[in-house]
Amino acid sequence: MNDIALTCKNIEVDFEGFKAVGGVDLELRRGEVHFLIGPNGAGKTTLVDAVTGLVGYTGSVLKDGEELRGKKVHHIARKGIGRTFQTATVFENLTVAQNLDIAAGSGRGPWSLLRRRRALPAAVTDTMERIGLADHADTLAGILAHGQKQWLEIGMLLVGDADVLLLDEPIAGMGHDERETTGRLLHDIAAERAVAVVEHDMDFMRANASRVTVLHGGTILAAGSVDEVSADPKVQEVYLGTSDHKEAADAAAA
Amino acid sequence: MSKFLQSRLGAWTGFAAAAIGLFAVAPLIMSGFRLGLFAQFICYAIVAVGIGLAWGRGGMLTLGQGVYFGMGAYLMAMHLKMADAEFRNGPGAVPDFMELAGVRELPAYWVPFASPAFTVAAILVLPTAVAVLLGLAVFKRRVKGAYFAILSQALAGAFAIFLIGQQTLGGFNGLSYFRYFFGFAINDPVNQQMLYFIAAGVLLAVVAVSLQLRRSRYGELLVAVRDSEERVRFLGYDSANIKVVAYAVAALFASVAGALFVPVVGIISPASIGIVPSIMFILGVAIGGRGTLLGPVIGALAVAWAQTTLSEQFPSAWTYAQGLLFVVVIALLPGGISSIPALARRIRVKNRPEPVEATA
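First to last, the protein sequences are chains A and B. Those letters in the first sequence? Residues 48 to 301, per the numbering used here, in order. Those letters in the second sequence? Residues 2 to 361, per the numbering used here, in order.
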């Protein structure tokens, strides 16, 4: 299962004269965990914003052959494009089960909305199992640990049947064990979906990426497998040129 | 205890207790005059239930509920004036206040309000429809927070000013001196008690509707929109539609309350629906606790009662007391009166000696 789920062609995002993204082509395949890396301001998150309809752009985004440009945010979401945010955004005053139930229900009619939920849908209980929150069904999302919130947000996309997942820094602030769990979760869900991960963490990228695209200044600097990208002299130069020595050392060592 | 209150049985028990209190106890212990006042407070409480839904659950600070309250009130008042005129001078007669102003011909837009059925339908449909249209226009453009609050307040101000300019709606003085309410003489104490019962029944009904909405999936979705509208949109919902429903329900409740207010109080004028009354509605909800089901009811009743009692004793002191009350609640009790039990519980737990943690 390696078919293309999402095709971005020549995406340009212009913020009043400043080109945040300047002509990016990107293909996301089912079965792959595709990392988008690059220094701050490279346009990674803006690209995600464009694809999900938050900011306007020129170019074209095709999901299974259907053009998404110009559609509203919630229409794009219903086409199966799910995204997370840099800071985990869950409904803090609702329980884990309620969060997932809402995420599962964007297609519900008024009648089922106006009634009380009798039992949790099977998809919700399955997803709680999958993201490791089965014991927290009735826990308020607001008091979950930081990492658990990130998993819950990913779970909300799964239960909503998204098959293109755009995850914005899913391991930000996570400890070592949580990172490993998240890595396994990403591969688990990528089995039948296309997963794109915006990330700064090079170790995590190296351990989990099926494919890597390096963005710099709004354009693609390099793309390919982890080894191909790490060996690319342009990539090394960009990372050595940044003031972030950790990242620079990481890239150089790779 | 709180588990019991959340259960189905608990809800029924609560409603039964409230019904006994409203329908049996209150008429026994209150004089006719006090009962009339209580009916007026209940009208405010009905508005408050709607605000609790739109603001407490949906996060929309509806600072202009006077608009919908006023619509319901004026629609009802027009019918009552028409009915009175018809009773005195036959069908098509001009209401007394227009005669005094020298209007000989009944304005065309008054004519349908001779029909009780049309009036009731208008009270239910017109404000709700206005709220839906306005809500769509506002929420689709993602106007929210303080901007929405200012907009709705400006609307209340504009509506009151508009009404002052309408001579055929009584202008500054509004509409008053109603004699009959759907054929029942309003000055008869028995009928006044009936009006109280109707108001009390409507209050129970709107609380029941609000309870169902809160417990439904829609209620959860509304809280989700309040806390993180973007997240909801990125899950595939049109969040504007979700907000419009709560806003329209709040408008409907306010309209019904306004329609009951007119026969209960006997007058409606722009002074009862402008910016200041709209803030009073919000004040009651804030003081009672906007997030809970009964907080808005308790708050609205308490504020109205305090206003009446204090104004009787110290006519000029109420404004200061009102401001003080607001400051105290916001600063010390942001959850309102209805958060006191939970607060007390937390303090009790805090004062209890720490239990020794069992090692797992």
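Please note that a few of the clues may not be correct.
Stated by the list, open to error - Pairwise CB distance ranges (calculated): (1) B:A343 - A:T266: 28 to 38 Å; (2) B:A343 - A:G179: 22 to 32 Å; (3) B:V133 - A:E59: 30 to 40 Å; (4) B:A343 - A:A254: 18 to 28 Å; (5) A:R162 - B:A272: 35 to 45 Å; (6) A:R164 - B:W306: 29 to 39 Å; (7) B:I30 - A:G220: 58 to 68 Å; (8) A:G220 - B:A206: 28 to 38 Å; (9) A:T186 - B:A206: 32 to 42 Å; (10) B:F163 - A:L161: 26 to 36 Å; (11) B:K141 - A:G220: 27 to 37 Å.
Unchecked claim - With a straight-line cut-off of 20 Å between C-alpha atoms, the simulated PhoX-like cross-links for lysine-lysine are: (12) A:K56 - A:K118; (13) A:K56 - A:K126; (14) B:K351 - A:K56; (15) A:K56 - A:K66; (16) A:K119 - B:K351; (17) A:K66 - A:K126; (18) B:K141 - A:K118.
Since the hints were made in silico from the structure, they are not lab data. Backbone N, C-alpha and C define an ideal beta-carbon position, used for all residues, glycine too.
Comparing the hints with the structure gives:
Between B:A343 and A:T266 the CB atoms are about 55 Å apart, so this pair departs from the stated range of 28 to 38 Å. A hinted range of 22 to 32 Å holds for the C-beta pair B:A343 and A:G179, which are about 31 Å apart. Range check, B:V133 to A:E59: about 38 Å between beta-carbon atoms, so the 30 to 40 Å window is met. Distance hint check: the CB atoms of B:A343 and A:A254 are about 46 Å apart, inconsistent with the given range 18 to 28 Å.
Take A:R162 and B:A272: their Cβ atoms lie about 42 Å apart, and the range 35 to 45 Å holds. Checked against the given bound of 29 to 39 Å, the beta carbons of A:R164 and B:W306, roughly 38 Å apart, stay inside it. A C-beta distance of roughly 60 Å is found between B:I30 and A:G220, which places it inside the suggested range of 58 to 68 Å. Between A:G220 and B:A206 the Cβ separation comes to about 48 Å, which falls outside the hinted range of 28 to 38 Å.
At about 35 Å, the beta-carbon gap between A:T186 and B:A206 stays in the expected band of 32 to 42 Å. Range check, B:F163 to A:L161: Cβ separation about 35 Å, and the 26 to 36 Å hint holds. For B:K141 and A:G220, the hinted distance range of 27 to 37 Å is satisfied, since their beta carbons lie about 35 Å from each other. Only pairs whose Cα atoms come within 20 Å are accepted, and A:K56 paired with A:K118 is accepted, the gap being roughly 16 Å.
Proximity of A:K56 to A:K126 is assessed by CA-CA distance (about 18 Å); at most 20 Å being required, the pair is judged to hold. At roughly 59 Å between alpha-carbon atoms, B:K351 and A:K56 are farther apart than 20 Å, so this suggested pair is violated. Only pairs whose Cα atoms come within 20 Å are accepted, and A:K56 paired with A:K66 is accepted, the gap being roughly 16 Å. Note on A:K119 and B:K351: the hinted pairing is violated, with a Cα-Cα distance of about 49 Å set against a maximum of 20 Å.
At most 20 Å may separate the alpha-carbon atoms for a hinted pair to count; A:K66 and A:K126 exceed this at roughly 27 Å. About 14 Å separates the Cα atoms of B:K141 and A:K118, which keeps this hinted pair within 20 Å; it holds.
The structure fails to meet hints 1, 4, 8, 14, 16 and 17 from the earlier list, while all remaining hints are met.
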